[in-house]
Amino acid sequence: MIKLTNPIIIIFCVCISFTGFSQDDTKTAEYRRSSLYTLMVSDSTRNFSELIEDTFINSKIPEKFNNHIVSERTVPKLYDNTLSKAELKEAQKSAITEYLSTHDIAKAMVAKWFNRSEQGGFNMDLISERGFYNATDLDVKIAKNSERGTAMLADAGEELIKNTFVIVNNFKYTDKEEVAQKAKGLLSSISSVASLAGADDVALASDAAGEGAEILGKGYVIKTDAHLYRLKWNDEIASIFYNDYWTEDGQIDDDKVKAFDESNIFELEYIGTQMAWADLQSTSFTKKTDEELITIATIKASDAVTAKLQREYEVFRTKTPLLSTDPLSAKIGLKEGLEKGDKYEVLEQVLNDEGKTEYKRVGVIKVDKDHIWDNRFNADEENTDQSLEYTVFSGKKNKFYAGMLIRQIN
Amino acid sequence: MKLKHVILSVLFIGFCTSVNAQWKKNKANEDTKIWRYDLECEGIAKQGSKLVKVWSYSKNPKHAISRGMKNAVHGIIFKGYAGGGQGCTPFAALVSDPAMEEKHKEFFDSFFADGGAYLRYVSSATDGSIAPGDRLKISKREYKIGIVVNVLTDQLRKLLESEGIIKSLNSGF
Amino acid sequence: MKIHNLVTLIICSLICFSSFSQAKKPTLMVVPSDVWCNQNGYMMEFDNQGSTIRIPDYKRAFQENAEVLQVISQINGMMAERGFPLKNMESAIKTMESNAVEDALRSSKDSGAAVDESPIDAIKKAAKADIIIQLTWTVNKTGPKKSINFNLQGLDAYTDKQVATATGTGAPSFSAETPVLLSEAVISHMDNFTLSLQNHFDDMFENGREIIVRIQKWDDWDGDLETEYDGEELTYIIEDWMADNTVKGRFSTTDATESMMLFEQVRIPLYNDKGRAIDARRFVRELSKYLNDAPFSIPNKLVMKGLGRATIILGSK
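Protein chains in written order, with the working numbering: chain A, 1 to 410; chain B, 1001 to 1173; chain C, 2001 to 2317.
Hints in this document: simulated from the structure, not taken from any laboratory.
Virtual Cβ for every residue (Gly too), placed ideally from N, Cα, C.
Not one of these hints is a red herring.
Chain A is faced by these chain B residues, among others (derived, beta-carbon under 10 Å):
hint : residue
1    : I1044
2    : L1051
3    : A1125
4    : D1127
5    : L1136
6    : I1138
7    : N1150
Computed Cβ-Cβ distance ranges for the label pairs, DEER-style:
hint : chain 1 : residue 1 : chain 2 : residue 2 : range
8    : C       : R2054     : B       : Q1047     : 32 to 40 Å
9    : C       : E2097     : A       : G149      : 35 to 43 Å
10   : A       : I69       : C       : T2165     : 51 to 59 Å
11   : B       : A1092     : C       : K2141     : 31 to 39 Å
The following block holds chain A by itself, in its conformation from the complex (with noise of 0.2 Å):
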């Protein structure tokens, strides 16, 4: 007779259930690069502005962005004392989408996809080179497959002008040791580095107390408003460019370039305002200059707020289907700028009652550290060293099948 707490047989019956939390998100999982073009606000009055501008002007767009950066980096600083805080910062606003169109970006942002010679001349080179680096694993082996062939990632290139961003970065900077000396005295709570880089004014932290400013020790924190906008392109206004301004070198048709030189078509959309913010410790321990100090953090803050874009931007966010769940990996790497311990969702898609589609998350899985792909290469073009095709996550294996698709958290 076999006991009925075997523990095999109890093993063998146990059922293993998980449950996954409903998203509401019907957008379609094609995931394409995005182009984007970075300027901040210009505060001369401010301390450390050239720095902060000097750091923010040499730093690099991230790895998963195209570089789509035209000309100018700066935006001019909107100063009116008669204005409270509030009125101010959608002043600003303001004034930045106003300079972003009296100056011309959304037609810049088209001219360089479309490398505008000095001439007039169009030509699709950046589209072709764009659409070739978006084309995924799975795009080349489909296109392999078909009689236009590699061609067809190129031609595909088109369709990033849709994903062209502008994030114009309102930097400030504070000192904390100054906020606190201001503040001692006034409260005796002790109030958290969010709230006071998230204050609008110096002045307004004013729950900073007194000891707090021995606590927080000396360092900066920079606090950045980001303002996103997206290039307007559609099927009418492609038609328009097409038709009306396309000329090519060597066979220059003035009429058209005059066309393009005089056209208001081109626009920026506004999409919304992100906040986020970077402090940095200064104790008496750190070797680091201030103004080593100011430029990591407005990397910092400055990487931050695309990050937190991202997260609110479905448009931004980098997806791709599991390849295989032993290992798990996906095909980004790199080039998608995958960095060691990023977190990814696994979404399960999900017809739901009312026939629409909605990610279910079954999971959660990390980069590896030892295992990401380098897919940095255009690809159209062979890469030769090549030990690793995929990135390597961990995780839980048994949860997940291949084809299930991940997305970036942080």
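Dock chains B and C against chain A, hints included.
Using the frame of chain A, we list chains B and C on its own:
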């Protein structure tokens, strides 16, 4: 007594896995038997073949992938597809008379058997990877999965012509 | 007589159905359309008795345009794969040239009237093609993007009717070269083209080949089509003959007056009672003989235009 337990357990597990394997296989075949799938054109393939995305339905997502190839060949023979993006033109099924499937049952049964001759006429265009958005859970227990495959339609048509299932363009002359 | 005809018909159809392999394989040939030749500048001008006429210059097109050669040889390859190698137009042109210039202008023995022959008729005659595949494509350009508008028409050389077709516009591209886009166009349309061709063949096997028959009379003939023979008007006698000799009695009388009759959609069997392939000329010659013999004894002349248009002119040879 303890040894007996162990032996019984091992036997039980062995029995279960073998039954399970058999059941799984039958399950997969069941999904294919009713030929439930959708066929889409995925672009203009090289001369003599068709590049299609085949959506298969299955309770087990693994089956849907492995059955996709079989479904794609079946689709080219019996279903065809409407046009679509990327310059796709409509494609009429190689066999226009659906009764032929029943009439030549013996041939098609062996052709579509596991590991059957159909495998010679189809290959995965993506080395088995599934594009984002092509793996969908459509109900509590069912998946819809799309894979992109390349079907050698010219070869397939010649086979069917030589088997007398369809007539060639020059038959009668 | 009637029973004899019926038997002939039955035997005929039996042969049709039982021994497909005996039928003469239709000859197909791809020809660039007039529209294409015009758009690409392959036209030549002729002075025809004072008036200038423009006709396609096929020879120059083949010598100068690599794309037309590519498209035609690709279509040829795909048709050969289906067991239908095409007649090569270039060699048809050479045959035509050797057939002497006198063919361009001919005159009827009796009337002396000039008969115009278009270059395409001349080629059809030289190539003896049953079906002409007329090819047209245009490259649409929007800025840097190109797309191909492609049109294949299978025209029955007998009736000039369109018997097969495939047409459409491909996906635009700025990176693929025109030859690649053309190749895409051919690949994407040939299946549908052969499918409609197959339908045409099926119809032909079942209902016979279609021709057009016209009956006219010479002005100096003293009779006309309303003349009665044994109490029956000549028009009805001819209609009866058509009903007895066409496949399943299929034809339609489009026009009938005292001086002319026009029969369209006349379906003639592919073979005669001896199992020999017959064409429009052979078929109509039987009618010509029937009218020439007693009791009608009407001398007549049979004139062919193209492969599928026959005219019988009553009154003299």
